[in-house]
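Visitor: Spelled out from the first residue to the last, the chains are:
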Amino acid sequence: EPEVTQTPSHQVTQMGQEVILRCVPISNHLYFYWYRQILGQKVEFLVSFYNNEISEKSEIFDDQFSVERPDGSNFTLKIRSTKLEDSAMYFCASSPGQLQPQHFGDGTRLSIL
Amino acid sequence: DQQVKQNSPSLSVQEGRISILNCDYTNSMFDYFLWYKKYPAEGPTFLISISSIKDKNEDGRFTVFLNKSAKHLSLHIVPSQPGDSAVYFCAASIIQGAQKLVFGQGTRLTINP
Numbered sequence: 008e009p010e011v012t013q014t015p016s017h018q019v020t021q022m023g024q025e026v027i028l029r030c031v032p033i034s035n036h037l038y039f040y041w042y043r044q045i046l047g048q049k050v051e052f053l054v055s056f057y058n059n060e061i062s063e064k065s066e067i068f069d070d071q072f073s074v075e076r077p078d079g080s081n082f083t084l085k086i087r088s089t090k091l092e093d094s095a096m097y098f099c100a101s102s103p104g105q106l107q108p109q110h111f112g113d114g115t116r117l118s119i120l
Numbered sequence: 013d014q015q016v017k018q019n020s021p022s023l024s025v026q027e028g029r030i031s032i033l034n035c036d037y038t039n040s041m042f043d044y045f046l047w048y049k050k051y052p053a054e055g056p057t058f059l060i061s062i063s064s065i066k067d068k069n070e071d072g073r074f075t076v077f078l079n080k081s082a083k084h085l086s087l088h089i090v091p092s093q094p095g096d097s098a099v100y101f102c103a104a105s106i107i108q109g110a111q112k113l114v115f116g117q118g119t120r121l122t123i124n125p
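Top line first, the protein sequences correspond to chains A and B. Take any residue in the first sequence, note its place counting from 1, add 7, and you have its number in my numbering. Take any residue in the second sequence, note its place counting from 1, add 12, and you have its number in my numbering.
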């Protein structure tokens, strides 16, 4: 069964550094998402991406964050000038269309020191 | 953000019996609901969904019930199996637009032999 893959599984970065989290969505999917889960808290929406542009973003997704689909397969989340509170599990998800469930990767654990 | 709530942090059920997980929501605009299962160190795995035009959807051992007037949904698992032990998340979205998922806090289900 096709799946969403995320790399790396764990990323440790110094505060203030930039980090790029990578995702390969399922190949025929059209909608792409990033979510995060801070330890002990809910999974929360960050951004959705469709037709090569952001379709919605949350209040969390400020100028520090950006997303890109640089080629036909990868979907990346870049965090500039990381802060301690960016430490979380980041999940990528994709879906084929409306009224279709989102399928999640296994996440990247981001630890900011 | 309390738009989706799972009031039971944990539930313990004997193998072979029925597990019932509950979820409440406050936003009447939600019209698509999903249940995900999550094991440690993995991403959420889609289980079953229901749109607001239905009040029940069944898939094998899993049935989701939606009560729109009460803004309540439930997931029934019967018979419960040891492999069902996991954290279960309820999520809701609005079909039109970006369809971002709003998650509940999760319920940890333990199936006892």
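Heads up, a few of these hints could be off.
Said to hold, decoys possible - Distance condition first, Cα-Cα at most 30 Å in a straight line; then the derived DSS-like pairs of lysine-lysine:
1. B:50 <-> A:90
2. A:49 <-> A:64
3. A:64 <-> B:83
4. A:90 <-> B:17
5. B:50 <-> B:83
6. B:68 <-> B:50
7. A:85 <-> B:68
8. A:49 <-> B:68
9. B:83 <-> B:68
10. B:50 <-> B:17
11. B:80 <-> B:17
12. A:64 <-> A:85
13. A:85 <-> B:80
14. B:50 <-> B:66
15. A:85 <-> A:49
16. A:49 <-> B:80
17. B:83 <-> B:17
18. B:83 <-> A:49
19. B:17 <-> B:68
20. B:17 <-> B:66
21. B:80 <-> A:64
22. A:90 <-> B:80
23. A:90 <-> A:64
24. A:85 <-> B:66
25. B:68 <-> B:80
26. B:83 <-> A:85
27. B:66 <-> B:80
28. B:50 <-> A:49
29. B:66 <-> B:83
30. A:49 <-> A:90
31. B:50 <-> B:80
Unchecked claim - Stretches of chain B that chain A covers, calculated by requiring three or more beta carbons in the stretch to come under 8 Å of a beta carbon on chain A:
32. 25-33
33. 65-78
Everything labelled a hint here was simulated from the structure, so no lab data went into it. Note that the Cβ used here is the ideal one computed from N, Cα and C, for glycine as well.
Visitor: Now look at each hint and say whether the structure bears it out.
Guide: Tested hints:
Taken as a hint, the residue 50 of chain B and residue 90 of chain A pair is honoured in the structure, with Cα atoms around 27 Å apart against an allowance of 30 Å. A C-alpha spacing of about 17 Å is found between residue 49 of chain A and residue 64 of chain A, which places the hinted pair at or below 30 Å, so the restraint holds. For the given pair, residue 64 of chain A sits about 26 Å from residue 83 of chain B by alpha-carbon distance, which is consistent with the 30 Å threshold. Between the alpha carbons of residue 90 of chain A and residue 17 of chain B the distance comes to roughly 29 Å, so the proposed pair stays at or under 30 Å and holds.
The suggested pairing of residue 50 of chain B with residue 83 of chain B holds, with an alpha-carbon distance near 24 Å, which does not exceed 30 Å. Distance restraint check for residue 68 of chain B and residue 50 of chain B: the Cα-Cα separation of roughly 23 Å lies within the 30 Å cut-off, and the hinted pair is therefore satisfied. Restraint check: the Cα-Cα separation between residue 85 of chain A and residue 68 of chain B comes to about 40 Å, which exceeds 30 Å; the hinted pair is violated. In summary, the hint linking residue 49 of chain A to residue 68 of chain B is supported, as the alpha carbons are separated by about 26 Å, within the 30 Å threshold.
Straight-line distance between C-alpha atoms of residue 83 of chain B and residue 68 of chain B comes to about 14 Å, which keeps the hinted pair within the 30 Å bound. A hinted pair counts as satisfied when its Cα atoms are at most 30 Å apart, and residue 50 of chain B with residue 17 of chain B qualifies at roughly 17 Å. Between residue 80 of chain B and residue 17 of chain B the CA atoms are separated by roughly 15 Å; this keeps the pair inside 30 Å, and the hint holds. For the suggested pair residue 64 of chain A and residue 85 of chain A, the alpha carbons sit about 14 Å apart, so the restraint of at most 30 Å is met.
Proposed proximity of residue 85 of chain A and residue 80 of chain B is contradicted: the alpha carbons are some 39 Å apart, above 30 Å. Distance check on the hinted pair: residue 50 of chain B and residue 66 of chain B sit about 25 Å apart at the alpha-carbon level, within 30 Å; holds. Among the hinted pairs, residue 85 of chain A with residue 49 of chain A is consistent with the structure: their alpha-carbon atoms are about 22 Å apart, no more than 30 Å. For a cut-off of 30 Å, the pair hint linking residue 49 of chain A to residue 80 of chain B stands: about 23 Å separates their Cα positions.
Proposed proximity of residue 83 of chain B and residue 17 of chain B is supported: the alpha carbons are some 11 Å apart, at most 30 Å. Annotation: proposed proximity of residue 83 of chain B to residue 49 of chain A holds, straight-line Cα distance about 20 Å (limit 30 Å). Taking the CA atoms of residue 17 of chain B and residue 68 of chain B, the gap is near 20 Å; set against the 30 Å cutoff, the hint holds. Distance restraint check for residue 17 of chain B and residue 66 of chain B: the Cα-Cα separation of roughly 21 Å lies within the 30 Å cut-off, and the hinted pair is therefore satisfied.
At roughly 27 Å between alpha-carbon atoms, residue 80 of chain B and residue 64 of chain A fall within 30 Å of each other, so this suggested pair holds. Proposed proximity of residue 90 of chain A and residue 80 of chain B is contradicted: the alpha carbons are some 41 Å apart, above 30 Å. Proximity of residue 90 of chain A to residue 64 of chain A is assessed by CA-CA distance (about 19 Å); at most 30 Å being required, the pair is judged to hold. Of the supplied pair hints, the one linking residue 85 of chain A and residue 66 of chain B is violated, its CA atoms being roughly 39 Å apart against a limit of 30 Å.
The suggested pairing of residue 68 of chain B with residue 80 of chain B holds, with an alpha-carbon distance near 11 Å, which does not exceed 30 Å. Distance restraint check for residue 83 of chain B and residue 85 of chain A: the Cα-Cα separation of roughly 37 Å exceeds the 30 Å cut-off, and the hinted pair is therefore not satisfied. Between residue 66 of chain B and residue 80 of chain B, the direct Cα distance comes to roughly 9 Å. Compliance with the 30 Å bound is thereby established for this hinted pair. Taking the CA atoms of residue 50 of chain B and residue 49 of chain A, the gap is near 13 Å; set against the 30 Å cutoff, the hint holds.
At roughly 13 Å between alpha-carbon atoms, residue 66 of chain B and residue 83 of chain B fall within 30 Å of each other, so this suggested pair holds. Pair hint residue 49 of chain A plus residue 90 of chain A holds up; C-alpha atoms about 20 Å apart against a cutoff of 30 Å. The hinted pair formed by residue 50 of chain B and residue 80 of chain B meets the criterion: a straight-line CA distance of about 26 Å does not exceed 30 Å. Chain A is given as covering the region 25-33 of chain B, and this is violated because 0 residues of the stretch bring a CB closer than 8 Å to a CB of that chain, at least three being needed.
For a cut-off of 8 Å, the count of residues in the region 65-78 of chain B with a CB near a CB of chain A stands at 0, and the three-residue condition is violated.
Going down the numbered hints, you'll see the structure goes against 7, 13, 22, 24, 26, 32, 33, while the others check out.
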